[in-house]
Amino acid sequence: MADTAFSGKSVPIKPKLSNDDWIMRGAMILIGLVLIIAIILPLYAMLSKSFEDSDGNFIGLANYVEYFSTPALFQSIYNSLSISVIATIVVLVTSFLYAYALTRTCIPFKKFFRLVAMIPLLTPSLLSGISLVYWFGNQGVAKELLFGESIYGPIGIVFGSSYWVFPHALMIVITALSIADSRLYEAADALRTSKIRTFFTVTLPGAKYGLISAGFVVFTLVFTDFGVPKVIGGNYNMLATDIYKQVIGQLNFQMGAVVSVVLLAPALLAFVLDRIVQKKQVALLSAKAVPLVPKPDAKRDMFFLGFCTLVAAVIIGMIGMAQYAALVKFWPYDLSLSLNNYNFDVMDGGGWDSFYNSIELGLWSATIGTVVIFFGAYLVQKGRGFEKGRGLFQAIAIIPLAVPGMVLGLAYIFFFNNPDNPLNFIYGTMIILVVVTITHFYTVSHLTAVTALQQMDNEFEAVSASLKAPFYKTFTRVTVPVCSPAILDISIYLFMNAMTTVSAVVFLYSSDTSLASIAVLNMDDAGDIAPAAAMAMMIAYTCLGARILHALLSRGIMKKTAAWRGR
Amino acid sequence: MADKEKYLRIQNVVKKFGDFTALKDVSLEIEEGEFICFLGPSGCGKTTLLRAIAGLDIQTSGQVFQAGRDISALPPSERDFGIVFQSYALFPNMTVSKNVAYGLENQKLEKSQIEKRVRELLETVGLPEQGEKYPAQLSGGQQQRVALARAIATSPGLLLLDEPLSALDARVRVHLRHEIKELQRRLGVTTIMVTHDQEEALTMADRIVVMNDGVIEQIGTPIDVYRKPECAFVADFVGHMNFMNGQVVESDRIQIGSQQLAAKTNGHKPGQAVQVAFRPEDLVAVEDGDMNNAISVNLKDIEFLGSFFRADLTGGDLGQSTINADFSINLSRRVNLEKGRELKIRVPADHIRLFPMEG
Ligand SMILES: Nc1ncnc2c1ncn2[C@@H]1O[C@H](COP(=O)(O)OP(=O)(O)OP(=O)(O)O)[C@@H](O)[C@H]1O
Ligand SMILES: [Mg+2]
Chain V
1 MADTAFSGKS
11 VPIKPKLSND
21 DWIMRGAMIL
31 IGLVLIIAII
41 LPLYAMLSKS
51 FEDSDGNFIG
61 LANYVEYFST
71 PALFQSIYNS
81 LSISVIATIV
91 VLVTSFLYAY
101 ALTRTCIPFK
111 KFFRLVAMIP
121 LLTPSLLSGI
131 SLVYWFGNQG
141 VAKELLFGES
151 IYGPIGIVFG
161 SSYWVFPHAL
171 MIVITALSIA
181 DSRLYEAADA
191 LRTSKIRTFF
201 TVTLPGAKYG
211 LISAGFVVFT
221 LVFTDFGVPK
231 VIGGNYNMLA
241 TDIYKQVIGQ
251 LNFQMGAVVS
261 VVLLAPALLA
271 FVLDRIVQKK
281 QVALLSAKAV
291 PLVPKPDAKR
301 DMFFLGFCTL
311 VAAVIIGMIG
321 MAQYAALVKF
331 WPYDLSLSLN
341 NYNFDVMDGG
351 GWDSFYNSIE
361 LGLWSATIGT
371 VVIFFGAYLV
381 QKGRGFEKGR
391 GLFQAIAIIP
401 LAVPGMVLGL
411 AYIFFFNNPD
421 NPLNFIYGTM
431 IILVVVTITH
441 FYTVSHLTAV
451 TALQQMDNEF
461 EAVSASLKAP
471 FYKTFTRVTV
481 PVCSPAILDI
491 SIYLFMNAMT
501 TVSAVVFLYS
511 SDTSLASIAV
521 LNMDDAGDIA
531 PAAAMAMMIA
541 YTCLGARILH
551 ALLSRGIMKK
561 TAAWRGR
Chain H
1 MADKEKYLRI
11 QNVVKKFGDF
21 TALKDVSLEI
31 EEGEFICFLG
41 PSGCGKTTLL
51 RAIAGLDIQT
61 SGQVFQAGRD
71 ISALPPSERD
81 FGIVFQSYAL
91 FPNMTVSKNV
101 AYGLENQKLE
111 KSQIEKRVRE
121 LLETVGLPEQ
131 GEKYPAQLSG
141 GQQQRVALAR
151 AIATSPGLLL
161 LDEPLSALDA
171 RVRVHLRHEI
181 KELQRRLGVT
191 TIMVTHDQEE
201 ALTMADRIVV
211 MNDGVIEQIG
221 TPIDVYRKPE
231 CAFVADFVGH
241 MNFMNGQVVE
251 SDRIQIGSQQ
261 LAAKTNGHKP
271 GQAVQVAFRP
281 EDLVAVEDGD
291 MNNAISVNLK
301 DIEFLGSFFR
311 ADLTGGDLGQ
321 STINADFSIN
331 LSRRVNLEKG
341 RELKIRVPAD
351 HIRLFPMEG
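These protein sequence lines map, in sequence, to chains V and H. Residues 1 to 567 in the UniProt record's numbering are what the first sequence spells out, letter by letter. Residues 1 to 359 in the UniProt record's numbering are what the second sequence spells out, letter by letter.
By construction, these hints were calculated from the structure, which means they are not laboratory data. Hints are not guaranteed to be accurate.
What the hints assert, rightly or not - Simulated crosslink set (DMTMM-like; lysine to aspartate or glutamate; CA at most 20 angstroms straight-line):
id : chain 1 : residue 1 : chain 2 : residue 2
1  : V       : K16       : H       : E250
2  : V       : K110      : V       : D297
3  : H       : K264      : H       : E250
4  : V       : K382      : H       : E250
5  : V       : K14       : H       : E78
As the list claims (entries may be wrong) - Computed from the model, here is a short list of chain V residues facing chain H with C-beta under 10 angstroms:
id : residue
6  : P12
7  : R25
8  : I29
9  : L339
10 : D353
11 : K388
12 : S464
13 : A465
14 : L467
Beta carbons: idealized from backbone N, C-alpha and C, even for Gly.
Next up, chain H with everything else stripped away, as it sits in the complex:
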């Protein structure tokens, strides 16, 4: 290939623990300065892949190149990265300043230079006054910032974050998300963050690597992963998705329940049984009687979720199946959303995705 060497290249990486294969031939390329999230359910191998990149648990086979250098077999100390763990792993017996300075001391810098850099870093992470405290005297969010400052202190080319926010409570988490993202943009450091929180991945990542069971299911921008999931797993894992069994009728028509709808069939042949997927928020309640691509359903139940309502719909064209639809507060002011009433729901053709039947 003629194009320029990517910053980080992971090639056919396999990691075995005894008989168990945690990573099955994983390949991936990352651009310099990108913010990448590894997203996937617990136990899918995110941490394993991150630790292989760091050299902490070196892969059984496959290669890793960083900035054109083959680092596949190198120990962590000979690689170029900073890392933050879920547990923070701050040295408890050292002050915040000492923790941040720990890596700088190994660079043979002068004392005054180190002090200056530590001050800068603490300012960068928003803790200018806390240098003399011990980790145990800080809140979880503050500890996380110190860990971050320590990891970026030596200006590594690659920043690795393993679920850095999952030990924090919800508000702090949302706040830190923005800060980390902002910091990363400012420093321009290539960053990989492991998370099993899709919201985190969607809001922070330039590209998301969705993993499942030791393989990469999809790599794409948050919008792509959300809008154009390439497989049922991604569709199901990222965001909320309705799945129904259906059938392709014509090259641009499908059948679900007792209704036929227009949809892009992307290569699925007429007669083929498929999984039909569409998101609750893409469903539109028909208010003007226009029954184009609409189904009629019964409102079984409705749940208030703060900024919107989530409805359970069943019956009508759906028969026994149940799907969810999200209705805005606005709509609820115009339309009577009483339990048990009948509704017409449009399923926009653009938002219907088809996946092969499982098994």
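The shape of chain V in the complex, shown without the other chains:
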């Protein structure tokens, strides 16, 4: 009875922080500060640069006025937009059909088709341009197919862009189409709904969000890509190539900054729209959903087998041509094979050193990046209290996804090349390349880590605390082993992107730190197209090797841990 007889007032409590709390918050703030230095401050530096003249005086919107009164410049906005829209439509249709074939039909060789579709991820986007030159260029083998049109221009850009962004869209659409509840289809069947109608009332709406998301991804990738228009664009100007021309060609950094802002704006818009749309998405797959198992249908399967074969042939044709051209002695006059084009040391572009630099960059980015990103995600996801700080960190970690590589690279020039910046010393070194690469690919890695961490029981940390185990013990002994597949995924993602990226590093390499992807660009620029193809293929083989290693490691881990993963 006396239990509730306290008369005291309720005393406000200020929780005392444990050592773990201090360390975790400290570490999170540290990583957060690094992120701010790596993304927010450079972007700010770039933005302010666009309001300055070449002597650094504030001149308001004068640069923008100049930009918009120069038709040659703002014509690029229209060019970039229209190319991106067309490529988006092309890729969405192709990837949807391809994904549909892989998930909803009974065609044979699905595994093969899936693997082939991933080939474009192995190379810089430059490669698709180079291949197109050999297929349809002035001395191309299939030039006649264009009926006199030139590949150097919109046609080439759309084709080349569609090739290299295809796997990005395909992965999203496959995921969307894999999530299907067969009960819906059975219901449609029971109601005698025609196949076409079922497609438009069940299939399409089910994949809607995936398609929208893929659309935004493709649009942004094409809109901000630099590699394809650089190689195959001819005189057709796009925003990304304009930045390059302004900065590298004319050393007009202010105008480069203005174009960057113009490039950033639609990319940001697409990013925000995508976020809004994804928020609306409700979980379509209830726990009770029954996965759809496609039934054979000869006519439909024939059609899709034909379609997939065609697409796969194009992809293999693209990479195959690059390989062939790399081995040919002197296109098109002496088609005998040799390894002459791999003699990179006698050409401009940094030689074999640039290849080794790339590997070094890949390894650094993969190791440091994985550690920092995973640990950061852990701190955000599993920290105790400090909601505001964690929310802010989460928000900052999303930003890099919205920032095109070129813009980030240029922003780094403005920020790190400033003699007043104490971090100026990293300019021109491998360090800045590692930093820009990790930053550029931060978000996707972060989200991968977050997803893996979310699947872990939230009470592990609570149990550990009650057992007086410090957080780092549980982190290393439980969190890391359980999340090891995701950690591997992050590291391979960072490695492959470090190998293939051009846009993020094109402004930042020095003669000592040239990279393989940059060598491709520069050799192509200098007219050494075959060596450029050869170098691009070296990148492809390296990425392929890394992928295979990754697959073996993953399988090994899965096998070793099968006992406790419960199959």
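Chain H with the ligands: place on chain V using the hints.
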């Protein structure tokens, strides 16, 4: 107060999530060695209170004392408790032994000592042979025992259990109930268990804390909570209860339907409208014609529930209202329990409880 400091004292605890107040000024004292159950409907704040005691989600205001120490603001790592969650939260990549040893390793014990203790613990929870298995290779009930062994490994002064049995199927649950209770008695560890299963609370607890909507409605032994609910909520939530609108007629008489009955009115004034409550199992079918405190009703429906029958009664003195009565199998052999027949039912005065009208 002169009496000895209680083991755990929770004083005016308030927990807010933004604008929402999940705990509204909760106070509670727990003796050393007691087994306490927090019982209440979903969302009433049981887990919130448990997590405040553990320091996992520290209260907005109010204090918590454990063994005389003010632990109100301390992080979990500086408190003294073991905890078991509904999800078990066993480390999936560690064997059962490793899981149990996890807390012991932090106590700087020697390896052989740890091994010995782990063996003891696994024996205690009835899993002596399972040490080398991984959690995924065990059944739910076995996993729960491992979680329990891990929680008591470091001999904490307080054991916290958040719905430890609710993920298990019914038979295992009943079995584990006894085991947990037995273990707790043997160890003498002060224990708080959260549950929304009243049967669990009634069978296991020394005292039950019935919660609703962020406040404690009643604290008492299982028998008290069942027999002497202090409010309509507790009466309704614990066990099955018939409620009828009625009126106090005299200081020891009430009226329900068209009948007057003797009842203890506990301070309710004559003329006052009240809720009259009595349990189905307290109703007695009149077989000898003695109409003392009895009402006449019609048997509307009857349902076989295994060990007894539950009858829906209406009409007669009840008018439109319906009540339930439980009849034993024995009675059904003596009395014809045909649907539609008329019955006389005694409502023993001792078992009638009155509550103020709501609203
Ligand atoms: N982190 C939180 N943020 C906001 N509201 C919360 C949070 N945690 C709990 N609540 C709210 O506080 C109330 C009490 O929650 P609590 O988890 O304590 O309920 P419970 O009694 O344990 O219920 P159950 O039986 O469902 O576990 C609920 O209304 C819940 O929605
Ligand atoms: Mg709960």
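Task: When the least beta-carbon distance from L467 of chain V to chain H is tested against 10 angstroms, hint result - done: 3 angstroms, holds
TODO: Would you mind confirming whether the straight-line C-alpha gap from K16 of chain V to E250 of chain H stays at or under 20 angstroms?
DONE: Violated - the C-alpha atoms of E250 of chain H and K16 of chain V are around 58 angstroms apart, more than 20 angstroms.
Open item on the list: Run the distance test for K264 of chain H versus E250 of chain H: straight-line Cα separation, threshold 20 angstroms.
Closed with: Holds, at roughly 10 angstroms.
- [ ] Answer holds if the nearest beta-carbon of chain H is closer than 10 angstroms to that of I29 of chain V; otherwise answer violated.
- [x] 18 angstroms, violated
Open item on the list: Please check whether K388 of chain V passes as an interface residue: C-beta within 10 angstroms of a C-beta belonging to chain H.
Closed with: With a minimum Cβ separation of about 13 angstroms from chain H (threshold 10 angstroms), the hint on K388 of chain V is violated.
Open item on the list: Does the closest beta carbon of chain H sit nearer than 10 angstroms to the beta carbon of L339 of chain V?
Closed with: The hint is violated - L339 of chain V has no Cβ within 10 angstroms of chain H, the shortest such distance being about 48 angstroms.
Task: Proposed interface contact between S464 of chain V and chain H, which counts if any beta carbon pair is under 10 angstroms - done: It holds, given that the least Cβ distance between S464 of chain V and chain H is near 8 angstroms, below 10 angstroms.
- [ ] With chain H as the partner, please determine if R25 of chain V meets the hint condition of a C-beta pair closer than 10 angstroms.
- [x] 12 angstroms, violated
Task: A465 of chain V as an interface hint toward chain H, with CB separation required under 10 angstroms - done: A465 of chain V check passes; min Cβ-Cβ to chain H is 4 angstroms, inside 10 angstroms.
Open item on the list: Does D353 of chain V hold up as a contact with chain H if the rule is Cβ-Cβ below 10 angstroms?
Closed with: Violated: closest Cβ of chain H sits about 42 angstroms from D353 of chain V, beyond 10 angstroms.
Task: Pair hint K14 of chain V and E78 of chain H, alpha-carbon separation not exceeding 20 angstroms - done: Given pair K14 of chain V, E78 of chain H holds - Cα atoms ~15 angstroms apart, limit 20 angstroms.
- [ ] Compare the distance between the alpha carbons of K382 of chain V and E250 of chain H with 20 angstroms, and conclude whether the hinted pair is satisfied.
- [x] 63 angstroms, violated
In terms of the numbered hints stated before, the structure departs from hints 1, 4, 7, 8, 9, 10 and 11, listed from lowest to highest.
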